[in-house]
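Novice: Residue strings, one per chain:
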Amino acid sequence: MNYRLASGGRMDRTRPLQFTFDGNRYTGFAGDTLASALIANGVHLVGRSFKYHRPRGFLSAGSDEPNALVGVGGIASRYTPNLCATQVELYDGLVAESQNRWPSLSFDVGRVNDVFARFLSAGFYYKTFMWPAAAWKSLYEPMIRKAAGLGKAPSAPDPDRYTQVYVHCDVLVVGAGPSGLAAALAAGRSGSKVILCDEQDQLGGTLLSESEAVIDGQAAAEWLARAIGDLSALPNVTLLPRTTAFGWYPHNFLGLCQRVKDHLGEVDSNAPRERMWQVRAREVVIATGAIERPLLFPDNDRPGIMMAEGARIYLNRYGAVAGTRAVVFTSCDSAYRAAIELKAAGVQVTTIADVRPSPKGPWIERARAAGIEVRGSTVVTGTTGHLRISHVDLVDEVSGKSETLPCDLLLMSGGFTPSVHLFSQSRGKLVYDEALKVYVPGQSVERERSVGACRGIFDLGAAIASGFSGGLDAVKASGGSPVEEATFVVLAESFGQNGVIGRPGKAAKYAGRAWVDFQNDVTTKDIELATREGFRSIEHVKRYTTTGMATDQGKTSNMNALGIVSQTLGVPVDKVGLTTFRPPYTPTTFGVFAGQSRGDLFDPVRKTSIHDWAEEQGAVFEDVSLWKRARYFPRRGEDMHAAVKRECAATRQSVGIFDATTLGKIEVVGKDAAEFMNRMYTNAWTKLEPGRLRYGVMLREDGFIMDDGVVGRMAADRFHVTTTTGGAARVLAQMEDYLQTEWSDLEVWLTSTTEQWAVIAVQGPNARKVLDPLVQDIDLSAAAMPHMSVREGHICGIPMRLFRVSFTGELGFEVNVPMGYGRAVWEAIHASGKAHDITPYGTETMHVLRAEKGYIIVGQETDGTVTPDDAGLSWAVGKAKKDFVGKRSLARPAMTSSDRKQMVGLLTVDPTVVLEEGAQVVADPQEPIPMTMIGHVTSSHWSATLGRSIALGLVRNGRARIGTRLTVPMPSGNVTVEVVRPVFYDPEGKRLDG
Amino acid sequence: MLLIKCPFCGPRPELEFSYGGEAHIARPQDPMSLDDEAWTEYLYIRSNPRGVHAERWRHINGCGRFFNARRNTISDEILETYMIGGSPAPVSEEKDRSPKGGAV
Numbered sequence: 001m002n003y004r005l006a007s008g009g010r011m012d013r014t015r016p017l018q019f020t021f022d023g024n025r026y027t028g029f030a031g032d033t034l035a036s037a038l039i040a041n042g043v044h045l046v047g048r049s050f051k052y053h054r055p056r057g058f059l060s061a062g063s064d065e066p067n068a069l070v071g072v073g074g075i076a077s078r079y080t081p082n083l084c085a086t087q088v089e090l091y092d093g094l095v096a097e098s099q100n101r102w103p104s105l106s107f108d109v110g111r112v113n114d115v116f117a118r119f120l121s122a123g124f125y126y127k128t129f130m131w132p133a134a135a136w137k138s139l140y141e142p143m144i145r146k147a148a149g150l151g152k153a154p155s156a157p158d159p160d161r162y163t164q165v166y167v168h169c170d171v172l173v174v175g176a177g178p179s180g181l182a183a184a185l186a187a188g189r190s191g192s193k194v195i196l197c198d199e200q201d202q203l204g205g206t207l208l209s210e211s212e213a214v215i216d217g218q219a220a221a222e223w224l225a226r227a228i229g230d231l232s233a234l235p236n237v238t239l240l241p242r243t244t245a246f247g248w249y250p251h252n253f254l255g256l257c258q259r260v261k262d263h264l265g266e267v268d269s270n271a272p273r274e275r276m277w278q279v280r281a282r283e284v285v286i287a288t289g290a291i292e293r294p295l296l297f298p299d300n301d302r303p304g305i306m307m308a309e310g311a312r313i314y315l316n317r318y319g320a321v322a323g324t325r326a327v328v329f330t331s332c333d334s335a336y337r338a339a340i341e342l343k344a345a346g347v348q349v350t351t352i353a354d355v356r357p358s359p360k361g362p363w364i365e366r367a368r369a370a371g372i373e374v375r376g377s378t379v380v381t382g383t384t385g386h387l388r389i390s391h392v393d394l395v396d397e398v399s400g401k402s403e404t405l406p407c408d409l410l411l412m413s414g415g416f417t418p419s420v421h422l423f424s425q426s427r428g429k430l431v432y433d434e435a436l437k438v439y440v441p442g443q444s445v446e447r448e449r450s451v452g453a454c455r456g457i458f459d460l461g462a463a464i465a466s467g468f469s470g471g472l473d474a475v476k477a478s479g480g481s482p483v484e485e486a487t488f489v490v491l492a493e494s495f496g497q498n499g500v501i502g503r504p505g506k507a508a509k510y511a512g513r514a515w516v517d518f519q520n521d522v523t524t525k526d527i528e529l530a531t532r533e534g535f536r537s538i539e540h541v542k543r544y545t546t547t548g549m550a551t552d553q554g555k556t557s558n559m560n561a562l563g564i565v566s567q568t569l570g571v572p573v574d575k576v577g578l579t580t581f582r583p584p585y586t587p588t589t590f591g592v593f594a595g596q597s598r599g600d601l602f603d604p605v606r607k608t609s610i611h612d613w614a615e616e617q618g619a620v621f622e623d624v625s626l627w628k629r630a631r632y633f634p635r636r637g638e639d640m641h642a643a644v645k646r647e648c649a650a651t652r653q654s655v656g657i658f659d660a661t662t663l664g665k666i667e668v669v670g671k672d673a674a675e676f677m678n679r680m681y682t683n684a685w686t687k688l689e690p691g692r693l694r695y696g697v698m699l700r701e702d703g704f705i706m707d708d709g710v711v712g713r714m715a716a717d718r719f720h721v722t723t724t725t726g727g728a729a730r731v732l733a734q735m736e737d738y739l740q741t742e743w744s745d746l747e748v749w750l751t752s753t754t755e756q757w758a759v760i761a762v763q764g765p766n767a768r769k770v771l772d773p774l775v776q777d778i779d780l781s782a783a784a785m786p787h788m789s790v791r792e793g794h795i796c797g798i799p800m801r802l803f804r805v806s807f808t809g810e811l812g813f814e815v816n817v818p819m820g821y822g823r824a825v826w827e828a829i830h831a832s833g834k835a836h837d838i839t840p841y842g843t844e845t846m847h848v849l850r851a852e853k854g855y856i857i858v859g860q861e862t863d864g865t866v867t868p869d870d871a872g873l874s875w876a877v878g879k880a881k882k883d884f885v886g887k888r889s890l891a892r893p894a895m896t897s898s899d900r901k902q903m904v905g906l907l908t909v910d911p912t913v914v915l916e917e918g919a920q921v922v923a924d925p926q927e928p929i930p931m932t933m934i935g936h937v938t939s940s941h942w943s944a945t946l947g948r949s950i951a952l953g954l955v956r957n958g959r960a961r962i963g964t965r966l967t968v969p970m971p972s973g974n975v976t977v978e979v980v981r982p983v984f985y986d987p988e989g990k991r992l993d994g
Numbered sequence: 001m002l003l004i005k006c007p008f009c010g011p012r013p014e015l016e017f018s019y020g021g022e023a024h025i026a027r028p029q030d031p032m033s034l035d036d037e038a039w040t041e042y043l044y045i046r047s048n049p050r051g052v053h054a055e056r057w058r059h060i061n062g063c064g065r066f067f068n069a070r071r072n073t074i075s076d077e078i079l080e081t082y083m084i085g086g087s088p089a090p091v092s093e094e095k096d097r098s099p100k101g102g103a104v
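Those protein sequence lines, which keep their order, are chains A and B. Mapped onto my numbering, the consecutive letters of the first sequence carry residue numbers 1 to 994. Mapped onto my numbering, the consecutive letters of the second sequence carry residue numbers 1 to 104.
In short, the hints are calculated from the structure, not lab data. No experiment lies behind these values; they were computed from the predicted model shown. Hints may contain errors.
What the hints assert, rightly or not - The following residues of chain A were derived to be distant from chain B, with all beta-carbon distances above 12 Å:
hint, residue
1, LEU105
2, PHE253
3, SER537
4, PRO587
5, ASP737
Claimed, not checked - A few chain A residues that face chain B, going by a derived Cβ cut-off under 10 Å, partial list only:
hint, residue
6, ARG536
7, ASP600
8, TYR738
Claimed, not checked - SDA-like mimics (lysine to any residue), calculated; alpha carbons at most 20 Å apart, straight line:
hint, chain 1, residue 1, chain 2, residue 2
9, B, LYS5, A, ARG282
10, A, LYS882, B, TRP39
11, A, LYS853, A, LYS881
12, A, LYS887, B, LEU43
13, A, LYS882, B, ALA89
14, A, LYS887, B, GLY51
15, A, LYS879, B, ASP30
16, A, LYS879, A, GLU667
17, A, LYS887, B, ALA38
18, A, LYS628, A, GLN756
19, B, LYS5, A, GLN756
20, A, LYS887, B, PHE17
21, A, LYS429, B, ARG50
22, A, LYS881, B, ILE45
23, A, LYS881, B, ARG50
24, A, LYS429, B, ARG27
25, A, LYS881, B, TYR44
26, A, LYS882, B, ARG27
27, B, LYS5, A, GLY479
28, A, LYS882, B, ALA38
29, A, LYS882, B, LEU43
30, B, LYS5, A, HIS847
31, A, LYS881, B, GLN29
All C-beta atoms in this analysis are idealised placements derived from N, C-alpha and C, irrespective of residue type, glycine included.
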């Protein structure tokens, strides 16, 4: 049998293409989909079902296809699982394979699941695998995951590029079927900026498979060609085939995914694989069409059972017949058209079983005239055939007479469901149309209108007319000038819209499982079980049975699931409710969402002007927010521990140099700058003289520490504020918030200067000796420039703000120079320090040195629940100040409780044991688990200086516990610690004033 | 993504903005004079309405200015944006967009 007809179809028969499916070689044509090419080769068996591993064939010809999911790609990096064979465009050399089967598609061991189906019913997860709990992770879950599932993830990184574009338009038309084309013509001719997108490779929708309709005196195909020609000629119209509008987001913002080169094969080219169009449309015309519903009857999922309209598309668009001997089961007229056309193409269409009592009308007469037997009140009660349907059982529901007919193709039609996904995503209200037995768009929320079949307008002429009107309406609403209404003369036999949802006829009395959701293997029995078990809300039924939750989002199944619930509960469909439609409409790649944001471009990288120097020295970097910071500078053969030990010793004994550029910096300027600082920080600023520094603590209004940093008063009306590296943006935002919205009367200006200053910390007893030869106009002596002072002058001739400040506990300076001079000045200081063996150190050493001094790091010692007093910073809170951000909160009872966690030092009794940061602290290790946790370790280091481990921690009422012993329980055993003051080195601070 | 009309720069996509929580909650003039309950009310209690919500936005990746907006939390429609310290339009002028979906 040749399944490809000698003529017909829109493929290019002059371009045959070779492809393989599960290793078998086949031939198709350019213009085929993988599905149409397989059907033309007589292949129907394409997959195994998700749970029961039942053999499955093609159900439809479009994006609603639930069964034919395949893996495509011969190159590991380009392998894509779970593609709809009905949407995969054929290219030469295409390699496809079936999924979820072992060892082969025709013999699948997993089929055993079907035998045990009664154990895999709705909610089996919750019922069967309750006990023992430990077996869940080790046994049940791996087993279920192995047995159930779809495709395999690709094993190599994606070599392709994905791009994103933002566009604005007056009118976006989604769907280029008859109504969408008409809408685009109307808007395009009116001069509006129009985008018309369609998920298929060609524009036209149902017109692509239309056989006999005549529009304006032209055959449908000719009219289509002319319409596309007209639209292409309009410079204000952008046509986007292969582009799925997958999601609707607020304010008419739509996500469109364009498949740019998948159809070209696995080729390397500069073109992106996919392009995300982020469209802000003034007005949207939704013309997304309708989806044919399957009928529910026992074993309705065998290969060879498909949608009537699907078979018609394969016939008319691809010149392929889906079988040789067909029976049709329908509830509406449209399937008659498919039957008549297939019969004319040579398929033996023997019988149409119509669930309606006595079907009448032109289509019925035409079918009979074509020699097809029509039976009313007749339903399918079962099918047989292992890998493909071989027989169908029919019952006349009036006479009770049954008959079994042979067939290799069973077409079905339960009527059409409008594709209301986008409308529903836009939060429009759906209303149930009792006559059509479907939900149609009701009240809008966004600026859109639905036209054609997605509004329940199924008649071709009416759909085109509604499209044109909708296009004009959109033009008007977007502020354009619409052209005149147009009339279209359409000659096409129309259908009465019937159809059923739920079980057809009296089917409930026939035994057997009927598949509702083919992809997720949900049957009528599962949904009935859910209702018996008390589920009433359709949202609960959905989650319990997983109906409508597969990658096809219930396109073919949602209405039938609703119908079953309605029939079982005896509640009208519109009272059952409807599940929520969520983006994406069809599966959308992570690649296109990520766009260029991958690899090195995932996040911006911030580097200091000294970065390259550190890199040349072999520094190891770490990420601190977006910054790259040198973590340590290993010398030959050193690990981090050895490098840090050396860097610490050098800084304590002579001098170290550290890149502190990443610290956030804000210039606070204005007449009221001091008053503003008084309000924003806990400290008192009024009396701080120009030329002096002060350590500042910023709280949130809830009283917890938000940030800290050293602040220099440069002038009466000017502060140089520093923040933590990660907190810079947050601090500036909080300052702006109060300044703009609470205290707009203050004359203050805030400027981020983080990127303007390179900051070089020179720390250690020899720091002054290193800097002195380089600084021209500042007296660095202890008397002239004491600890916590700031001077402006020059270093190596470059303007500088010099801070005398220490985060190490040693004599220290921080050299601030314009960013561009950072490296030059750094190298000059480094050269000047050679005599003192100046040692560059990284963040790791910085952490150890400051921990030895008990200096906190915001985010390390604090976690958003720590007050200044908790952190031992009461001295930094201006008691006399009437108000500052967070002050009132500090007076709340909970904030003054003695039971708060307070920062203390923790010294392990065994000095060689280094605690783990984050470890919990308990008072009584004998207490049964769960023990009362009274604190935790916030910082823990090996201190080479002290020759022992040190740790900081937050412990409940910790200051009162100083001198006592506590326990840190670890998996390896209990660690006894002594609670001490949180300053381990030079508690008098003598070294600061060196 | 919302389309937000910055009163200074005009309509811009949401990713240029940061959200600032409910609007018209003035910081008390003298916080220390408030009892714990009143302070808690100021600090933590928000109206969280289903419907029109006056809220603060900041055009952080644009002009940097804070402003107020009235947004319908059901539809996300932004009825108006206005300056900090300004007042929203009288509520009686509340307009609901006329339904369109079924009418074409």
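Novice: It remains to establish, for every hint, whether it holds in the given structure.
Specialist: Okay, the hints, checked on the actual structure:
1. LEU105: 43 Å, holds
2. PHE253: Nearest chain B Cβ is 5 Å from PHE253(A), so the label is violated.
3. SER537: 20 Å, holds
4. PRO587: Consistent with the label, PRO587(A) stays out of reach of chain B, its closest Cβ about 21 Å off (over 12 Å).
5. ASP737: Contrary to the label, ASP737(A) does not stay out of reach of chain B, its closest Cβ about 7 Å off (not over 12 Å).
6. ARG536: 24 Å, violated
7. ASP600: Violated. Min distance 22 Å.
8. TYR738: Given a least distance of 8 Å, the restraint on TYR738(A) holds.
9. LYS5(B) <-> ARG282(A): Roughly 15 Å between the alpha carbons, so the hint for LYS5(B) and ARG282(A) holds.
10. LYS882(A) <-> TRP39(B): 16 Å, holds
11. LYS853(A) <-> LYS881(A): 28 Å, violated
12. LYS887(A) <-> LEU43(B): 12 Å, holds
13. LYS882(A) <-> ALA89(B): 36 Å, violated
14. LYS887(A) <-> GLY51(B): 34 Å, violated
15. LYS879(A) <-> ASP30(B): Roughly 16 Å between the alpha carbons, so the hint for LYS879(A) and ASP30(B) holds.
16. LYS879(A) <-> GLU667(A): 26 Å, violated
17. LYS887(A) <-> ALA38(B): Holds, because 15 Å separates the two Cα atoms, which is no more than 20 Å.
18. LYS628(A) <-> GLN756(A): Roughly 17 Å separates the two Cα atoms, so the pair holds.
19. LYS5(B) <-> GLN756(A): At roughly 32 Å apart (the allowed maximum being 20 Å), GLN756(A) and LYS5(B) break the hint.
20. LYS887(A) <-> PHE17(B): With a Cα-Cα distance of about 29 Å, the restraint between LYS887(A) and PHE17(B) is violated, given a limit of 20 Å.
21. LYS429(A) <-> ARG50(B): The given pair, whose Cα atoms are some 17 Å apart, holds under the 20 Å limit.
22. LYS881(A) <-> ILE45(B): Cα-Cα ~26 Å, so violated.
23. LYS881(A) <-> ARG50(B): It is violated: about 40 Å lies between the C-alpha atoms, which goes past 20 Å.
24. LYS429(A) <-> ARG27(B): 40 Å, violated
25. LYS881(A) <-> TYR44(B): With Cα atoms ~24 Å apart, LYS881(A) and TYR44(B) exceed 20 Å; violated.
26. LYS882(A) <-> ARG27(B): 14 Å, holds
27. LYS5(B) <-> GLY479(A): 19 Å, holds
28. LYS882(A) <-> ALA38(B): Given pair LYS882(A), ALA38(B) holds - Cα atoms ~18 Å apart, limit 20 Å.
29. LYS882(A) <-> LEU43(B): 18 Å, holds
30. LYS5(B) <-> HIS847(A): Answer violated: LYS5(B) to HIS847(A) is near 45 Å, above 20 Å.
31. LYS881(A) <-> GLN29(B): 14 Å, holds
This entry does not satisfy hints 2, 5, 6, 7, 11, 13, 14, 16, 19, 20, 22, 23, 24, 25 and 30, going by the numbered hints stated previously.
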